[in-house]
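Enquirer: Below, each chain spelled out in residue letters.
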Amino acid sequence: MGATEQRTMTLNMGPQHPSTHGVLRLILELDGEIVVKVTPELGYLHRAIGKIAEGLRYEQFVPYTDRLDYLAASINNLGYVQGVEKLMEIEAPARARYLRVLFCELSRIESHLIWLGTHILDLGATTPLFYCFRERETIRDLFEEVCGARMTHAYFRIGGVRQDIPTGFLQKVREFYRTFPSRLAQYETLITNNPIFLRRARGVGAISAEKAVAYGLSGPSLRGSGVEWDLRKAEPYAAYGDLDFEVPTGANGDVYDRYLVRIEEMKQSLRLVEQAAENLPEGAVKADAPQFIRPPREEVHRNMQAMIRYFYITMHGGSPPPGEVYSAVEGSKGEVAFYLVSDGTPKPARVDIRGPSFVNLSALNEMSKGQYVADLVAIMGSIDIVLGEVDR
Amino acid sequence: MTPADLLFVLLKILVVLLLIPVTVGFCTLAERKILGRIQLRFGPNRAGPFGLLQWMADAVKLITKEYLIPGEADKALFVIAPLLTMVPAVTVFALIPFGKGMEITDVNVGILMLVAISSLGTYGIIFGGWASNSKYSLLGGLRSAAQMISYELSMGLALVGVVMMAGTMSLVEIVESQKGLWFIVAQPLGFIVFFISGVAETNRLPFDMPEAEGDLGAGYHTEYSAMGFGLFQLGEYSAILTMAALMTTLFCGGWGGPAAAALGGAVSLGYFVLKTSFFVFVFIWMRGTLPRVRYDQLMALGWKVLLPLSLLNILWVAGYVALRG
Chain A
0 MGATEQRTMT LNMGPQHPST HGVLRLILEL DGEIVVKVTP ELGYLHRAIG KIAEGLRYEQ
60 FVPYTDRLDY LAASINNLGY VQGVEKLMEI EAPARARYLR VLFCELSRIE SHLIWLGTHI
120 LDLGATTPLF YCFRERETIR DLFEEVCGAR MTHAYFRIGG VRQDIPTGFL QKVREFYRTF
180 PSRLAQYETL ITNNPIFLRR ARGVGAISAE KAVAYGLSGP SLRGSGVEWD LRKAEPYAAY
240 GDLDFEVPTG ANGDVYDRYL VRIEEMKQSL RLVEQAAENL PEGAVKADAP QFIRPPREEV
300 HRNMQAMIRY FYITMHGGSP PPGEVYSAVE GSKGEVAFYL VSDGTPKPAR VDIRGPSFVN
360 LSALNEMSKG QYVADLVAIM GSIDIVLGEV DR
Chain B
0 MTPADLLFVL LKILVVLLLI PVTVGFCTLA ERKILGRIQL RFGPNRAGPF GLLQWMADAV
60 KLITKEYLIP GEADKALFVI APLLTMVPAV TVFALIPFGK GMEITDVNVG ILMLVAISSL
120 GTYGIIFGGW ASNSKYSLLG GLRSAAQMIS YELSMGLALV GVVMMAGTMS LVEIVESQKG
180 LWFIVAQPLG FIVFFISGVA ETNRLPFDMP EAEGDLGAGY HTEYSAMGFG LFQLGEYSAI
240 LTMAALMTTL FCGGWGGPAA AALGGAVSLG YFVLKTSFFV FVFIWMRGTL PRVRYDQLMA
300 LGWKVLLPLS LLNILWVAGY VALRG
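Quick note, the sequences are listed as chains A and B, same order. Counting along the first sequence from 1, when you hit position 56 you're at 55 in numbering that gives the first Met the number 0, and nothing is skipped either side. Counting along the second sequence from 1, when you hit position 113 you're at 112 in numbering that gives the first Met the number 0, and nothing is skipped either side.
It is worth saying that the hints were derived from the structure and are not from the lab. Some hints could be false.
Unchecked claim - Straight-line alpha carbon distances no greater than 27 Å define the calculated DSSO-like cross-link-like pairs of lysine-lysine that follow:
#: 1; chain 1: B; residue 1: Lys134; chain 2: B; residue 2: Lys64
#: 2; chain 1: B; residue 1: Lys74; chain 2: A; residue 2: Lys368
#: 3; chain 1: A; residue 1: Lys50; chain 2: A; residue 2: Lys85
#: 4; chain 1: B; residue 1: Lys134; chain 2: B; residue 2: Lys74
#: 5; chain 1: A; residue 1: Lys36; chain 2: A; residue 2: Lys368
#: 6; chain 1: B; residue 1: Lys134; chain 2: A; residue 2: Lys36
Stated by the list, open to error - If you want the footprint, here are the derived chain A segments under chain B, 3+ residues with CB under 8 Å:
#: 7; stretch: 189–198
#: 8; stretch: 372–380
Bear in mind the structure is a predicted one, so any value in this text is a computation, not a measurement. Every residue gets a Cβ at the ideal spot worked out from N, C-alpha and C, and that includes glycine.
Just chain A, with the same shape it has in the complex (with noise of 0.2 Å):
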């Protein structure tokens, strides 16, 4: 007998693995079941979408942003159209601002409750992964209602958005908001006081306040960790300033506490949906700018320079003057950005995304290490992250 050599295994995690949550790969070091280290490897989604931008006019690259974040999609467009409207020097009538809150909300919710069924089916209990979808259908059907999209609703506008609510949506809205906490607490009998999940959770994939903020994480993933930050209250924009609602954090920064601060979070959105459908003020919902907005139908129908503005913009599109903007939104898994740049003319001229899933990922390898390769995935899910906007 020889001396015997102590080895690392190599395992290669994914594109293809139902925990990667799409096309992600990680290469897993591993010493037994005890990870050692995680390299995710990127680039299976990438689609250049910045650079799709530079070859569109400002308007036509509103759905490209949907598919950023597709399980959050008004939070993308949202972010986008304000970062041209702050270029423009336009803004949005209330009307408007409280259907973007109402939306974003709505996005948000649907975005926790994937989240929330696939982070626990990680875990084992294929349950709640059906309840999860149920309310989520329920959400659909009201973004389909709206803007006829169920999952890439393209509904913001710059200046606004595409056009005002049917009737009785807002009624369907407060069906939703009425049924949902019920709905929630079935969640939460089955997972949040279960000590199987309390087990695999409690203690798991902790990161420190301070290394949270040096990894540049954002949104549940930052606020786990006990930081209080969201966009929603540093920054408000839309209507949130006008809404009233709490920014939950965690103390621990452990997956359980990820785990909580998302639950509670979808308290707080359906406060600020029942909010914002209560006080939805009355009035347009697109910006009067004639220079970068098309006019009304009505007018174009009467109006002879009201119909060459609709042409003009409609073939030529409006040019923001120069300058360079950054505009961030608060998304369901973090900071949401576009940096644009604008040369004068009707496309931009630089577009450059930053996707909160991405930067949040780049804390995996240091809250995995030393952990188990089955806490691996349950962190994974306590991160949250959506291939669409890790590969851009």
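Using the hints, position chain B against chain A.
Expert: Here is chain B on its own, set in the frame of chain A:
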């Protein structure tokens, strides 16, 4: 043994052997239907009335599919492994009294034989994991080996309680000795230990570590296709049936029930089927409700909780038997 006796035994074996795949088939169907109900779905409802023939369609599919063996696999072991899980799970049925006088054989060391045979099933999983030559399968196989060692022990100790109380190792006599009081009432702790170890033995949620699709793809049977996969499934569900049947036999009075001894035959079989179905349902119910525990937590539970509990149970039974005189 006269030739007629031999023929009768062979006939019994044939009946049981033919019934098991059918029962397993209905078991998978029941699982999918019940899970469907739990999860707001319908479950299979296309093949046959209410989807009752779904299991046949599944079987036909599995049999007719191409049996792929990975190029790097250890071919002989790869083929043998699924059989190794299935055969022991089916063999155990030979020992179980299904009704009054309805057992294939009454071995006087029945419990020992049972423990010995049912532990063999794990070899199939370990070999399958090893022979696939895939890292995921290997990890699944390793987990299974560790899980097996941890749980076999407390399970065996839980059985000691049963043997002490019944004063026999024959399963038939154990059922007889529960006429007055079911062992689940006399030694609830023993039942709890046996139940948890039983779930761990069959690799079912919340202890389905060896497959753990969340982290290991499908664990030990990741590389298996067609009937190799089918045999593993057959083995798994046979093991569930076996466990449910054992819980019935060892702790819940087996085929016993009101008027069962007097009427015998079909009535006693009915009681047995009813009780066993209940435990199968519990297995499925747990799958629909619980998340999976982690590998090291499973070990900790086995060694630090179940083992002391099973020892405590033996102490309790010893006192009980001594006082009863």
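Enquirer: All hints are to be evaluated individually against the structure, with a verdict given for each.
Expert: Hint by hint, here is what the structure shows:
no., hint, in the structure
1, B:Lys134 - B:Lys64, "holds (25 Å)"
2, B:Lys74 - A:Lys368, "violated (36 Å)"
3, A:Lys50 - A:Lys85, "holds (21 Å)"
4, B:Lys134 - B:Lys74, "holds (17 Å)"
5, A:Lys36 - A:Lys368, "holds (6 Å)"
6, B:Lys134 - A:Lys36, "holds (17 Å)"
7, 189–198, "holds (count 6)"
8, 372–380, "holds (count 5)"
Hint violations for this structure: number 2 only, all remaining hints satisfied.
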